[in-house]
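4 protein chains.
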Amino acid sequence: MENSKIIILINCADQPNIIATVTTFVAKNGGNIVYIDQHVDREQNTFFMRLEGEFNSADFSMAKFKAVFKDTLVNKFNLKWRIYASDAKQKMAVFVSKYDHCLYDLLGRYNSGELGLEIPFILSNHNDLKPIANNFKIPFYHIPVTKNNKAEAEERQLQLLEKYNIDFIVLARYMQIISGKLIDKYPSKIINIHHSFLPAFVGAKPYHSAYKRGVKIIGATSHYVTEELDAGPIIEQDVAHVSHDHSVKDLIAKGRDLEKIVLSSAVKLHAKRKVMAYNNKTVIFS
Amino acid sequence: MENSKIIILINCADQPNIIATVTTFVAKNGGNIVYIDQHVDREQNTFFMRLEGEFNSADFSMAKFKAVFKDTLVNKFNLKWRIYASDAKQKMAVFVSKYDHCLYDLLGRYNSGELGLEIPFILSNHNDLKPIANNFKIPFYHIPVTKNNKAEAEERQLQLLEKYNIDFIVLARYMQIISGKLIDKYPSKIINIHHSFLPAFVGAKPYHSAYKRGVKIIGATSHYVTEELDAGPIIEQDVAHVSHDHSVKDLIAKGRDLEKIVLSSAVKLHAKRKVMAYNNKTVIFS
Amino acid sequence: MENSKIIILINCADQPNIIATVTTFVAKNGGNIVYIDQHVDREQNTFFMRLEGEFNSADFSMAKFKAVFKDTLVNKFNLKWRIYASDAKQKMAVFVSKYDHCLYDLLGRYNSGELGLEIPFILSNHNDLKPIANNFKIPFYHIPVTKNNKAEAEERQLQLLEKYNIDFIVLARYMQIISGKLIDKYPSKIINIHHSFLPAFVGAKPYHSAYKRGVKIIGATSHYVTEELDAGPIIEQDVAHVSHDHSVKDLIAKGRDLEKIVLSSAVKLHAKRKVMAYNNKTVIFS
Amino acid sequence: MENSKIIILINCADQPNIIATVTTFVAKNGGNIVYIDQHVDREQNTFFMRLEGEFNSADFSMAKFKAVFKDTLVNKFNLKWRIYASDAKQKMAVFVSKYDHCLYDLLGRYNSGELGLEIPFILSNHNDLKPIANNFKIPFYHIPVTKNNKAEAEERQLQLLEKYNIDFIVLARYMQIISGKLIDKYPSKIINIHHSFLPAFVGAKPYHSAYKRGVKIIGATSHYVTEELDAGPIIEQDVAHVSHDHSVKDLIAKGRDLEKIVLSSAVKLHAKRKVMAYNNKTVIFS
Chain A
341 MENSKIIILI NCADQPNIIA TVTTFVAKNG GNIVYIDQHV DREQNTFFMR
391 LEGEFNSADF SMAKFKAVFK DTLVNKFNLK WRIYASDAKQ KMAVFVSKYD
441 HCLYDLLGRY NSGELGLEIP FILSNHNDLK PIANNFKIPF YHIPVTKNNK
491 AEAEERQLQL LEKYNIDFIV LARYMQIISG KLIDKYPSKI INIHHSFLPA
541 FVGAKPYHSA YKRGVKIIGA TSHYVTEELD AGPIIEQDVA HVSHDHSVKD
591 LIAKGRDLEK IVLSSAVKLH AKRKVMAYNN KTVIFS
Chain B
341 MENSKIIILI NCADQPNIIA TVTTFVAKNG GNIVYIDQHV DREQNTFFMR
391 LEGEFNSADF SMAKFKAVFK DTLVNKFNLK WRIYASDAKQ KMAVFVSKYD
441 HCLYDLLGRY NSGELGLEIP FILSNHNDLK PIANNFKIPF YHIPVTKNNK
491 AEAEERQLQL LEKYNIDFIV LARYMQIISG KLIDKYPSKI INIHHSFLPA
541 FVGAKPYHSA YKRGVKIIGA TSHYVTEELD AGPIIEQDVA HVSHDHSVKD
591 LIAKGRDLEK IVLSSAVKLH AKRKVMAYNN KTVIFS
Chain C
341 MENSKIIILI NCADQPNIIA TVTTFVAKNG GNIVYIDQHV DREQNTFFMR
391 LEGEFNSADF SMAKFKAVFK DTLVNKFNLK WRIYASDAKQ KMAVFVSKYD
441 HCLYDLLGRY NSGELGLEIP FILSNHNDLK PIANNFKIPF YHIPVTKNNK
491 AEAEERQLQL LEKYNIDFIV LARYMQIISG KLIDKYPSKI INIHHSFLPA
541 FVGAKPYHSA YKRGVKIIGA TSHYVTEELD AGPIIEQDVA HVSHDHSVKD
591 LIAKGRDLEK IVLSSAVKLH AKRKVMAYNN KTVIFS
Chain D
341 MENSKIIILI NCADQPNIIA TVTTFVAKNG GNIVYIDQHV DREQNTFFMR
391 LEGEFNSADF SMAKFKAVFK DTLVNKFNLK WRIYASDAKQ KMAVFVSKYD
441 HCLYDLLGRY NSGELGLEIP FILSNHNDLK PIANNFKIPF YHIPVTKNNK
491 AEAEERQLQL LEKYNIDFIV LARYMQIISG KLIDKYPSKI INIHHSFLPA
541 FVGAKPYHSA YKRGVKIIGA TSHYVTEELD AGPIIEQDVA HVSHDHSVKD
591 LIAKGRDLEK IVLSSAVKLH AKRKVMAYNN KTVIFS
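As you go down the protein sequences, you meet chains A, B, C and D in turn.
Counting with the numbering used here, you get residues 341 to 626 for the letters of the first sequence.
Counting with the numbering used here, you get residues 341 to 626 for the letters of the second sequence.
Counting with the numbering used here, you get residues 341 to 626 for the letters of the third sequence.
Counting with the numbering used here, you get residues 341 to 626 for the letters of the fourth sequence.
Simulated from the structure, these hints should not be mistaken for laboratory data.
Keep in mind that this is a model prediction, so the values were computed, not measured.
Check each hint, because a few of them may be wrong.
Since the list gives no way to pick one copy over another, a pair counts as held whenever it fits inside one copy or between any two copies.
As a list, the in silico DSS-like pairs of lysine-lysine whose alpha-carbon atoms are at most 30 Å apart [unchecked claim]:
| no. | residue 1 | residue 2 |
| --- | --- | --- |
| 1 | Lys589 | Lys431 |
| 2 | Lys552 | Lys525 |
| 3 | Lys589 | Lys429 |
| 4 | Lys420 | Lys552 |
| 5 | Lys487 | Lys529 |
| 6 | Lys621 | Lys589 |
| 7 | Lys406 | Lys525 |
| 8 | Lys416 | Lys529 |
| 9 | Lys406 | Lys529 |
| 10 | Lys608 | Lys621 |
| 11 | Lys594 | Lys345 |
| 12 | Lys521 | Lys621 |
| 13 | Lys608 | Lys552 |
| 14 | Lys612 | Lys552 |
| 15 | Lys525 | Lys614 |
| 16 | Lys529 | Lys552 |
| 17 | Lys552 | Lys594 |
| 18 | Lys545 | Lys621 |
| 19 | Lys431 | Lys612 |
| 20 | Lys589 | Lys477 |
Start from the sequences and build out the full structure, keeping to the hints where you can.
Rendered as structure tokens:
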């Protein structure tokens with residue numbers, strides 16, 4: 341007989357006895373805790389916890405567990421909570437434009453099983469990367485975006501996202517502004533890669549700005565998309581050393597490696613439900 | 341009224357309900373858990389946990405808590421355990437020879453309050469660094485070590501360590517082999533800095549070996565001292581990039597920075613009781 | 341009218357006036373020096389130089405230039421020398437087995453034009469990666485290697501390398517020992533990726549060894565293949581931090597990213613003729 | 341008989357034959373070139389070169405060499421140029437306020453001979469760090485700065501700088517704005533350490549800003565001081581990874597290590613005359 345494994349994410353005002361109460365609740369309901377980590381934001385007086393538990397699958401009903409969890413704990417501690425089956429793979433939509441490096445990187449990892457998720461489709465405002473989608477046998481949708489068809493294009497995007505039951509979206513160098521409507525439907529569920537070390541060089545052409553400023557290090561930042569451009573909660577960042585000898589073109593080439601690693605790392609963290617966003621920041625569990 | 345804060349470290353065979361039982365025990369005894377992290381070594385089937393709890397100090401007795409902990413939990417789970425008062429600063433002895441960079445670094449951090457410990461004395465087999473000890477107003481003991489006086493020198497070291505109630509020892513580039521007797525008295529309590537990226541270049545003159553091999557990265561490693569030379573549990577490592585342009589002398593200069601940072605980092609982790617050593621490896625809690 | 345650009349690589353015993361003599365020679369023959377860098381190995385008393393010059397292409401003959409260079413300079417300084425047309429793309433053969441991550445990475449970069457070389461064919465002792473070669477429209481040769489057919493397999497490899505005028509070979513996780521015969525034909529022209537921070541963990545299963553030793557950093561090393569296993573001149577290394585929390589499987593996943601970046605970086609350096617190997621080490625020009 | 345070693349730094353509009361002409365000039369005047377590196381900024385069409393030459397000291401006169409250099413080359417190429425004796429140690433003034441970590445670090449390196457310069461005095465607007473100056477036996481000047489005495493304080497600073505023939509100034513966490521008058525007298529000769537990864541978080545309290553933004557990496561930047569605050573040419577940068585778990589206080593502690601390493605690295609580069617500043621950027625020679 342196999343085990344059922346679940347992930348519990350909670351946050352609430354910091355208060356005594358939360359950890360003991362929740363762990364005891366899990367134990368009393370037949371669960372063995374195999375992972376627990378917590379964080380307290382002292383400034384905001386907020387408590388965060390991520391817990392994984394294993395249950396004997398013969399006896400275990402997710403629906404029943406959630407119901408009891410809600411009755412017993414949620415009101416008592418005024419919890420915000422999410423409970424997931426560990427083996428339920430999230431469905432991720434990939435949005436791209438013309439750059440292929442992040443797409444190749446994600447699909448290579450997808451093929452190797454490293455990402456732990458499903459990619460039901462790839463969407464682009466251009467047709468250039470369709471052959472790559474074909475090679476990897478993933479449906480490709482071409483939805484052009486122009487000044488005049490924005491609302492309509494967005495409507496088609498939303499229909500696709502709903503049709504495929506998409507859990508979250510990755511913008512793998514998708515060169516379009518995401519509208520507030522889409523952001524509201526997928527809060528902390530749209531992951532972008534910005535090709536600079538935020539908050540330095542927000543906006544377009546960061547490598548050109550970095551070259552002009554003569555920085556000795558460039559970076560890349562993955563973050564959740566919010567209404568304010570390039571200002572959402574940061575999930576992951578990485579950097580590389582550069583010198584006066586690097587042209588803008590060299591910075592772009594070096595930056596591609598950073599973008600790939602930082603974006604795929606953020607995707608993996610999100611897929612494993614290790615990220616909690618709040619107050620425009622993130623807690624990243626180990 | 342102030343709070344009493346304690347740190348609990350346990351390890352045992354992995355088994356169900358440990359986390360829930362221990363956290364409930366702490367809660368029932370009036371403690372609020374402010375930190376919990378755990379690790380399971382699947383290969384060794386071993387469970388590790390570090391927990392911090394706050395107690396109302398009017399009611400709290402450390403001795404009583406330890407006694408109840410022992411009675412209630414230790415036999416039940418066959419625990420190995422340690423409980424400390426969080427604010428009890430450990431006493432660290434510093435052993436040095438003639439190199440001063442790690443000593444300056446540690447004492448600079450000590451002065452700024454960053455280390456969170458006490459340094460009752462500095463010991464050396466040479467007199468060269470006595471002026472530094474004087475500047476920082478820390479007692480300095482000169483115990484020469486020769487081929488013929490090893491046993492006697494060690495005896496004097498042991499007497500000093502006991503007299504000052506030393507908790508752990510840092511070898512800040514102390515260029516002598518530590519005897520088995522001392523190691524046995526301070527198991528996982530003697531921290532060494534090795535000036536290479538272990539396990540590459542064990543033994544003497546690692547920078548010369550690194551130069552000869554033409555490596556593009558050099559490193560430093562802090563580890564607990566065990567009987568086998570440079571083979572004890574690794575606490576912290578860091579690296580720096582080098583090129584063909586670096587002479588042995590350049591590698592040594594670049595390496596000094598690594599040694600300082602890696603050694604002080606290991607000292608801080610040990611001082612905050614965030615390291616558990618087992619099976620010649622370490623678990624480092626966040 | 342376009343310019344002809346050449347690369348000159350020389351090494352010899354260190355002696356006065358080399359730089360001035362060579363740069364003057366280039367200038368007198370109508371060349372404008374656009375890059376110059378040099379290195380002196382003081383221990384070996386050896387001088388290395390890499391120089392790029394631009395010539396007016398109407399007047400310039402590579403054959404004539406080489407002849408004059410040889411007559412004027414080579415005997416005078418007892419030079420070892422190589423002169424290349426900068427725009428002559430080298431031909432690189434890719435050897436693989438079953439792992440696809442380094443192959444995907446190289447081909448993605450190849451497609452984007454980042455590598456600055458040609459890949460006439462991919463060779464493997466297995467058939468698994470043939471579809472990837474097909475996707476990228478590169479000829480794929482399957483040459484199985486068994487205990488009994490080694491000499492014959494090697495003969496077929498050599499024939500292919502000659503037929504396609506291959507300049508150098510990259511072993512993109514090719515899991516076979518390269519024979520001395522092949523190494524002799526391609527000295528400092530076979531690039532391997534070793535999945536550890538050499539010289540730590542030579543040989544097979546380095547991630548398992550790293551896990552067992554409990555290191556806090558893992559690495560990858562690209563080097564030229566020599567007769568002694570994993571002991572050839574190091575071209576590039578990089579590392580990533582790990583913790584007790586990483587299983588062997590995690591180390592392998594994290595290591596794949598290092599392998600890709602370190603191997604492609606070595607390939608680019610070699611393709612741009614920025615590497616000089618000597619005395620089992622490398623000089624890497626900027 | 342000993343050798344005289346000189347360093348030549350030049351920049352000018354990029355044009356043919358500079359390298360050959362200069363190297364030939366050095367050779368004809370009895371010099372053996374032991375280092376040469378150059379850089380061309382294609383955007384600005386500007387050429388930079390750093391060259392080291394060894395001369396037989398019996399015959400060599402620096403004054404004569406400079407005169408001939410000027411007559412022969414400077415007008416011909418419209419050169420900006422500087423020539424130094426390699427063994428002439430620069431005189432560096434250290435400005436501090438109350439933070440001691442950068443001062444300790446610089447003086448520790450100074451004592452070990454690593455910096456290759458002289459420190460004639462330490463200046464502060466506070467008296468707190470006088471004991472450290474005393475320990476290292478370096479004159480200490482206390483020049484308080486208030487709203488009302490700025491011009492007068494600056495006058496006293498200038499007198500000290502002139503009296504001691506200071507070549508350049510390092511601001512080792514000196515918490516005062518440097519006036520335009522001082523900057524004009526020491527252009528590209530005042531090195532500051534900014535405790536963030538510029539251009540992110542310019543101005544005061546960058547660690548607080550970094551905490552608020554939830555960045556996953558913090559940095560430090562050393563740069564030449566210009567009239568615009570924190571906007572001068574960047575010499576060196578480095579970074580460290582942080583997490584949600586780091587408080588502002590933790591960021592400050594981690595940042596101190598970065599500040600020390602980045603500042604001392606910039607000081608060493610400047611001391612060895614490896615930095616050329618232009619167009620608000622730097623060329624850093626190897």
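Here is what the structure says about each hint:
Proximity of Lys589 and Lys431 under a CA criterion of 30 Å is satisfied inter-copy only: 24 Å between copies versus 35 Å inside one chain copy. For the identical chains of this complex, Lys552 and Lys525 are inter-copy neighbours only, at 26 Å across copies versus 38 Å inside a copy, given an alpha-carbon limit of 30 Å. For the homomeric pair Lys589 and Lys429, the shortest alpha-carbon distance between copies (19 Å) is at most 30 Å, but the shortest distance inside one copy (38 Å) is not. Proximity of Lys420 and Lys552 under a CA criterion of 30 Å is satisfied inter-copy only: 23 Å between copies versus 45 Å inside one chain copy.
With identical chains, the CA atoms of Lys487 and Lys529 are at most 30 Å apart within one copy only, with a shortest distance of 25 Å there and 51 Å across copies. In the homo-oligomer, the alpha carbons of Lys621 and Lys589 lie at most 30 Å apart only across protomers (18 Å), although the nearest pairing inside one protomer, at 32 Å, exceeds that limit. For a Cα distance limit of 30 Å, the shortest separation of Lys406 from Lys525 inside one copy, 24 Å, qualifies, whereas the shortest one across copies, 52 Å, does not. For a Cα distance limit of 30 Å, the shortest separation of Lys416 from Lys529 inside one copy, 28 Å, qualifies, whereas the shortest one across copies, 44 Å, does not.
Taking the closest pair of Cα atoms, Lys406 and Lys529 come within 30 Å of each other only inside a single copy of the chain (22 Å); across copies the shortest separation is 46 Å, beyond that limit. Taking the shortest Cα distances, Lys608 and Lys621 sit within 30 Å of each other both inside one copy (18 Å) and across copies (27 Å). Proximity of Lys594 to Lys345 under the C-alpha cut-off of 30 Å is restricted to the inter-copy arrangement: shortest distance 25 Å between copies versus 40 Å within a copy. Proximity of Lys521 to Lys621 under the C-alpha cut-off of 30 Å is restricted to the intra-copy arrangement: shortest distance 21 Å within a copy versus 43 Å between copies.
For the identical chains of this complex, Lys608 and Lys552 are inter-copy neighbours only, at 25 Å across copies versus 34 Å inside a copy, given an alpha-carbon limit of 30 Å. Taking the shortest alpha-carbon separations for Lys612 and Lys552, only the inter-copy value of 25 Å comes in at or below 30 Å, while the best intra-copy value is 39 Å. With identical chains, the CA atoms of Lys525 and Lys614 are at most 30 Å apart within one copy only, with a shortest distance of 21 Å there and 42 Å across copies. Proximity of Lys529 and Lys552 under a CA criterion of 30 Å is satisfied inter-copy only: 21 Å between copies versus 34 Å inside one chain copy.
For a Cα distance limit of 30 Å, the shortest separation of Lys552 from Lys594 qualifies both inside one copy, at 16 Å, and across copies, at 29 Å. Taking the shortest alpha-carbon separations for Lys545 and Lys621, both the intra-copy value of 25 Å and the inter-copy value of 19 Å come in at or below 30 Å. Proximity of Lys431 to Lys612 under the C-alpha cut-off of 30 Å is restricted to the intra-copy arrangement: shortest distance 12 Å within a copy versus 42 Å between copies. With identical chains, the CA atoms of Lys589 and Lys477 are at most 30 Å apart between copies only, with a shortest distance of 27 Å across copies and 32 Å within one.
Checked against the numbered hints given earlier, the structure satisfies every one of them.
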